[in-house]
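Chemist: Here's the letter readout for the chains.
Number of protein chains: 2
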Amino acid sequence: MTTLNHQFKLVARPEGNVKRSDFNYTSEPVRDPVEGEIVVKNLYISLDPAMRGWMNESKASYIPPVELGDVMRAIAVGQVVASKNPQFAVGDHVNGLLGVQEYAYSDGKGLMKVDPKLAPLPVYLGTLGMPGLTAYFGLLDVGKPKEGETVVVSGAAGAVGAVVGQIAKIKGARVVGIAGGADKCRYLVEELGFDAAIDYKNENVMDALKTHCPKGVDVYFDNVGGDILDAVLARLARGARIVICGAISQYNNTTPPKGPANYLSLLVNRASMTGIMVADYYPRAMEAMMAMGGWIAQGKLKTREDIDTGLENFPETFAKLFSGENNGKLVLKV
Amino acid sequence: MTTLNHQFKLVARPEGNVKRSDFNYTSEPVRDPVEGEIVVKNLYISLDPAMRGWMNESKASYIPPVELGDVMRAIAVGQVVASKNPQFAVGDHVNGLLGVQEYAYSDGKGLMKVDPKLAPLPVYLGTLGMPGLTAYFGLLDVGKPKEGETVVVSGAAGAVGAVVGQIAKIKGARVVGIAGGADKCRYLVEELGFDAAIDYKNENVMDALKTHCPKGVDVYFDNVGGDILDAVLARLARGARIVICGAISQYNNTTPPKGPANYLSLLVNRASMTGIMVADYYPRAMEAMMAMGGWIAQGKLKTREDIDTGLENFPETFAKLFSGENNGKLVLKV
Numbered sequence: 000m001t002t003l004n005h006q007f008k009l010v011a012r013p014e015g016n017v018k019r020s021d022f023n024y025t026s027e028p029v030r031d032p033v034e035g036e037i038v039v040k041n042l043y044i045s046l047d048p049a050m051r052g053w054m055n056e057s058k059a060s061y062i063p064p065v066e067l068g069d070v071m072r073a074i075a076v077g078q079v080v081a082s083k084n085p086q087f088a089v090g091d092h093v094n095g096l097l098g099v100q101e102y103a104y105s106d107g108k109g110l111m112k113v114d115p116k117l118a119p120l121p122v123y124l125g126t127l128g129m130p131g132l133t134a135y136f137g138l139l140d141v142g143k144p145k146e147g148e149t150v151v152v153s154g155a156a157g158a159v160g161a162v163v164g165q166i167a168k169i170k171g172a173r174v175v176g177i178a179g180g181a182d183k184c185r186y187l188v189e190e191l192g193f194d195a196a197i198d199y200k201n202e203n204v205m206d207a208l209k210t211h212c213p214k215g216v217d218v219y220f221d222n223v224g225g226d227i228l229d230a231v232l233a234r235l236a237r238g239a240r241i242v243i244c245g246a247i248s249q250y251n252n253t254t255p256p257k258g259p260a261n262y263l264s265l266l267v268n269r270a271s272m273t274g275i276m277v278a279d280y281y282p283r284a285m286e287a288m289m290a291m292g293g294w295i296a297q298g299k300l301k302t303r304e305d306i307d308t309g310l311e312n313f314p315e316t317f318a319k320l321f322s323g324e325n326n327g328k329l330v331l332k333v
Numbered sequence: 000m001t002t003l004n005h006q007f008k009l010v011a012r013p014e015g016n017v018k019r020s021d022f023n024y025t026s027e028p029v030r031d032p033v034e035g036e037i038v039v040k041n042l043y044i045s046l047d048p049a050m051r052g053w054m055n056e057s058k059a060s061y062i063p064p065v066e067l068g069d070v071m072r073a074i075a076v077g078q079v080v081a082s083k084n085p086q087f088a089v090g091d092h093v094n095g096l097l098g099v100q101e102y103a104y105s106d107g108k109g110l111m112k113v114d115p116k117l118a119p120l121p122v123y124l125g126t127l128g129m130p131g132l133t134a135y136f137g138l139l140d141v142g143k144p145k146e147g148e149t150v151v152v153s154g155a156a157g158a159v160g161a162v163v164g165q166i167a168k169i170k171g172a173r174v175v176g177i178a179g180g181a182d183k184c185r186y187l188v189e190e191l192g193f194d195a196a197i198d199y200k201n202e203n204v205m206d207a208l209k210t211h212c213p214k215g216v217d218v219y220f221d222n223v224g225g226d227i228l229d230a231v232l233a234r235l236a237r238g239a240r241i242v243i244c245g246a247i248s249q250y251n252n253t254t255p256p257k258g259p260a261n262y263l264s265l266l267v268n269r270a271s272m273t274g275i276m277v278a279d280y281y282p283r284a285m286e287a288m289m290a291m292g293g294w295i296a297q298g299k300l301k302t303r304e305d306i307d308t309g310l311e312n313f314p315e316t317f318a319k320l321f322s323g324e325n326n327g328k329l330v331l332k333v
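Read top to bottom, the protein sequences are chains E and W.
So that you can map any letter, position 139 of the first sequence is 138 in numbering that gives the first Met the number 0, and since no number is skipped, the others follow by simple counting.
So that you can map any letter, position 152 of the second sequence is 151 in numbering that gives the first Met the number 0, and since no number is skipped, the others follow by simple counting.
Derived from the structure by calculation, the hints contain no laboratory data.
Some clues are possibly wrong.
Stated by the list, open to error - Which bits of chain E does chain W cover? Going by a derived footprint, with three or more residues having C-beta under 8 Å, they are: (1) 156 to 167; (2) 319 to 329.
Stated by the list, open to error - List time: in silico DSSO-like cross-link candidates among lysine-lysine, alpha-carbon distance up to 30 Å: (3) W:K209 - E:K257; (4) E:K168 - E:K319; (5) E:K145 - W:K143; (6) E:K143 - W:K145; (7) W:K257 - E:K143; (8) E:K299 - E:K116; (9) W:K209 - E:K143; (10) E:K200 - W:K257; (11) E:K257 - W:K143; (12) W:K200 - E:K214; (13) W:K214 - E:K257; (14) E:K257 - W:K257; (15) W:K209 - W:K143; (16) E:K257 - W:K200; (17) W:K200 - E:K209.
As the list claims (entries may be wrong) - Restraint ranges, calculated between C-beta atoms of paired labels, are given here: (18) W:G171 - E:N312: 50 to 58 Å; (19) E:D140 - W:V10: 47 to 55 Å; (20) E:E189 - W:T210: 51 to 59 Å; (21) W:R12 - E:P213: 44 to 52 Å; (22) W:N55 - E:T308: 56 to 64 Å; (23) W:D31 - E:D140: 42 to 50 Å; (24) E:D140 - W:G171: 26 to 34 Å; (25) E:E146 - W:G171: 48 to 56 Å; (26) E:R283 - W:K214: 22 to 30 Å; (27) E:I62 - W:A296: 49 to 57 Å; (28) E:I169 - W:E34: 28 to 36 Å; (29) W:D226 - E:E14: 44 to 52 Å.
All residues carry an ideal CB built from backbone N, CA and C; glycine is no exception.
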């Protein structure tokens with residue numbers, strides 16, 4: 000009996016929201032590894048907003064677009080099922096760019112071994128993975144919150160935002176999260192210990208910022224862009240630092256992104272707006288993993304994953320990121 | 000015979016371009032100084048883009064708006080003609096917020112004595128004044144150009160931009176100026192030693208940036224905002240620093256300012272955009288004055304003033320800043 004590898008291949012550049020018809024769902028037999036190669040059975044696939052950018056034919060992006068006809072790029076954790084590479088043994092768990100498919104071939108470069116005894120595998124895609132590192136370094140290296148300062152984070156119930164807010168609390172800041180819906184806002188305040196949450200779907204963000212940030216915003220960690228970025232710009236404190244991590248509100252736009260009309264608030268407030276790319280911090284990943292591992296062990300840093308099941312559901316599950324339906328780090332169990 | 004003090008008083012919040020009817024041109028007798036006061040005869044009035052913001056009823060600004068009915072705020076250099084303040088003698092030359100008028104009363108706070116033997120008086124309003132300090136600290140403290148890097152400056156033939164470009168050259172950077180018109184561009188390259196100039200009125204700025212900045216832009220000093228800011232954002236080098244000094248293209252807008260649609264280039268390029276306010280650097284003014292004084296003496300830093308004559312021409316002369324008709328630091332000789 001032949002084992003089949005089901006795969007999602009990108010066949011069209013999505014316009015606006017991603018549709019099932021932008022992909023071919025195909026299968027091919029799994030082959031043996033060649034010399035130096037391993038075969039990984041994917042267990043959990045990470046669904047991240049950045050993937051939307053990888054689907055575009057943009058040369059301006061930080062990594063090349065996924066070519067039409069190629070397996071959709073994604074981070075995943077899996078288990079080595081065959082190895083002709085002395086660095087990896089059958090049974091090892093690995094984390095890396097393994098794609099939206101059941102089996103991946105790799106020469107091992109860029110893969111990191113992970114230990115399922117130290118943390119559940121999906122956590123390596125969230126708090127102990129790319130989103131967690133993004134939060135850790137973006138907040139601490141660029142945002143640099145000081146004790147008593149006010150930190151605002153958007154996409155606050157998402158994989159990056161929830162970690163940003165909790166680390167800011169650990170560092171002694173006052174933390175206000177912006178998220179969509181009463182459930183998420185309750186989660187931020189009651190479960191994660193945020194000082195306040197703003198439900199952008201049901202509240203006027205400008206007014207709510209005025210209420211919850213009476214002295215202005217010292218650090219803003221932006222995952223969403225658009226009108227929320229503009230609202231926070233209008234409430235900056237002197238010397239504020241804005242960390243630009245993403246702009247999920249803009250990724251499905253078919254028109255050019257909306258620039259922040261209030262950017263001259265940077266001038267008035269001697270504030271900065273700085274973009275970050277987590278890849279720049281990979282050489283320092285150990286530092287973040289040790290710190291975050293410690294906080295998780297102490298119960299100071301909570302993780303939450305939203306796990307859908309079934310590779311075949313990839314397009315619909317991915318769409319949840321943009322409608323905001325996911326609660327916590329969105330993962331697809333293969 | 001009574002000496003009259005002619006004054007421009009703001010009587011309307013300008014909509015769009017400033018009109019003569021936004022002011023009353025009035026006169027009143029000059030009175031004697033009260034105890035602790037001096038009377039200054041204004042000699043040269045500085046016309047700066049920031050003054051446009053002071054005319055608006057905005058609470059978001061960094062200093063309060065000029066109240067309706069008040070003398071229009073402006074920096075000027077003048078000579079003390081009467082003094083009841085022991086720190087100032089009749090005949091002293093002073094520089095400060097003396098207003099659009101022939102005579103000003105002051106308790107001396109915020110005034111700085113200047114020496115006309117060391118530099119012509121109008122230079123204290125430009126290269127050795129607020130614009131020069133803005134250029135010096137904005138470029139060196141925030142832009143931080145390294146030898147061999149590419150520095151782009153907009154409003155390059157203006158009071159701030161010309162100094163930015165020349166200091167960047169002194170620091171060993173490759174310098175590209177953006178200005179309006181062939182004359183200004185020729186001036187930048189032939190007189191000030193810029194490596195290249197882009198005439199935004201007659202060239203496609205995007206294409207020209209590609210030609211003149213083949214490795215991308217490392218430092219961008221922005222005086223204009225709008226489409227030019229967006230064009231430069233699209234050409235950033237990795238780790239670029241944008242200094243937001245002003246946005247003259249937006250100051251006369253009657254609609255909200257245009258935000259930079261390409262701001263996500265900050266993310267891709269791990270770049271920053273930081274607003275500066277020259278007032279923050281006043282305590283370090285001596286450092287800049289000594290450095291720039293030295294460069295002027297060595298012929299490395301050239302100054303140019305565009306001097307109109309006649310206080311009564313204030314509204315029309317001020318408008319030249321926004322049409323780009325001025326060549327160098329715009330000054331009104333009283």
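Chemist: Where does the structure disagree with the numbered hints, that is, which hint numbers, in rising order?
Modeler: 1, 2, 9, 12, 17, 21, 23, 25, 28 and 29
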